[in-house]
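Protein sequence lines, in the order shown, are assigned to chains L and R. With the first letter of the first sequence counted as 1, position 140 gets the number 140 in our numbering; the numbers rise by one all the way through. With the first letter of the second sequence counted as 1, position 31 gets the number 180 in our numbering; the numbers rise by one all the way through.
Please keep in mind that the hints were generated in silico from the structure rather than gathered at the bench. Certain hints may be false.
[Stated by the list, open to error] Every beta carbon over 12 angstroms from chain L, so not counted as near; a handful from chain R, in silico:
no., residue
1, Arg-162
2, Glu-165
3, Val-166
4, Gly-192
5, Asn-195
6, Ala-221
7, Asp-254
8, Glu-255
9, Ile-265
10, Glu-270
11, Arg-290
[Claimed, not checked] Chain L stretches covered by chain R per the calculated footprint, using a threshold of three residues with CB under 8 angstroms from any CB of chain R:
no., stretch
12, 3 to 14
13, 29 to 36
14, 74 to 88
Glycine included, each C-beta is placed from N, C-alpha and C at the ideal position.
So the chains spell out like this:
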Amino acid sequence: MALNREFVGRAYKASSPYEVSRVKIAEFAAAIGDQNPIYHHRDAAVAAGHPDVVAPPTFPIVFTMSAAGEAFGDPDLGLDFTMVVHGEQRFEYERPVYAGDELHCTTTITEIRSVGRNEFLTLCSEVTTGGGDLVCRAYNTIVERGGAA
Amino acid sequence: MTTTARPGTAKVRYDEVEVGQEIPAADYPVRRVDLVRYAGASGDFNPIHWNERHAKAVGLPDVIAHGMYTMAQGGRFITDWTGDPGAVVDYGVRFSSMVVVPDDDEGATITVSGRIEEKLEDNRVIVVLTARSGGSRVLSRARAVVQLA
């Protein structure tokens, strides 16, 4: 079933800020097999010139997808999540994400299009501090296989 | 997005790299247990990444790796090269093929290599990545902008 184009432009704000912890960064780094001490030890991060441990470049996927979960679960969108694969992903950093950050995330559905038999849905998540300073933007395109058939 | 220049903490010096320079390939193994661990750390429990029965029922050849797991290995390749994860200013990929992960002791291997495509202002470079698994190119348009020292 084709996705509902009326969802383009809808924005979803995370209900609470995401608190970045050293423990979660270390867990995520271990899960991608990365033992870089800058992910695991505050002293190593400080020695490298950072205020605290740094999150790996793809870490924001942990909290940027959840805001969109609300949209994906809306029956009016018409998304069959069992047929979804990841199409594209990009992170644009204004500064690194550090342990101790409290990050606010607003995710907007920017585009829905058909390519062959598949439906492509693109999201942009804007991640800011409580003071409104931009930290990063995450762009995410998911593909619903067979959705346009 | 125009990002502000930040102090370079990378171990690679801008003056010492040239356009066309290759970054030697690295192999990253991926087994089922890695996908289970990544599912837990990332919060992405889509069963196509851990349940063979489900993966086959939705038309996939077998369990496939999270695209974000593959992207993370590309990120690791970049941060291992720069020495500092904070040096990654922009990182984006397209998921062009699936990483199929069989249920055996070997699993699959993701091989990543890189090349300096362009030198930018403010000690930044564009690195283009190639990632292959099982004879297929699993990432396309994979590029990172990195802040060098």
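Just checking, R:Val-166 versus chain L, shortest CB gap more than 12 angstroms? Correct as stated: the minimum Cβ-Cβ distance to chain L is 19 angstroms, above 12 angstroms.
For R:Glu-255, is the shortest CB-to-CB distance to chain L above 12 angstroms, so the non-interface label stands? It holds; R:Glu-255 is separated from chain L by about 16 angstroms at its closest Cβ, greater than 12 angstroms.
Beyond 12 angstroms from chain L, beta-carbon-wise, is R:Ile-265? holds, 18 angstroms
Cβ separation check - R:Asp-254 to all of chain L, threshold 12 angstroms: Per Cβ check, R:Asp-254 is outside 12 angstroms of chain L; nearest 16 angstroms; holds.
Mind checking, does the stretch 29 to 36 of chain L have 3 or more residues with a CB under 8 angstroms from chain R? holds (count 6)
Check whether three or more residues of the stretch 3 to 14 of chain L sit with their beta carbon closer than 8 angstroms to a beta carbon of chain R. Violated: only 0 residues of the stretch 3 to 14 of chain L have a Cβ under 8 angstroms from chain R.
According to the definition I'm using, a residue is off the interface if its beta carbon is farther than 12 angstroms from all beta carbons of the partner; does R:Arg-290 meet that for chain L? violated, 8 angstroms
Status of the stated non-contact between R:Arg-162 and chain L (beta carbon gap over 12 angstroms): holds, 15 angstroms
Taking the minimum C-beta separation from R:Glu-270 to chain L, is that value above 12 angstroms? holds, 17 angstroms
Are all C-beta atoms of chain L more than 12 angstroms from that of R:Asn-195? violated, 7 angstroms
Is the listed coverage of the stretch 74 to 88 of chain L by chain R valid when you require three or more residues with a beta carbon under 8 angstroms from a beta carbon of that chain? Check passed, 8 qualifying residues.
Is the claim that R:Gly-192 lies outside the interface with chain L correct, judged by CB distances over 12 angstroms? The claim breaks: R:Gly-192 does not keep its Cβ more than 12 angstroms from every Cβ of chain L (closest is about 6 angstroms).
The structure fails to meet hints 4, 5, 6, 11 and 12 from the earlier list, while all remaining hints are met.
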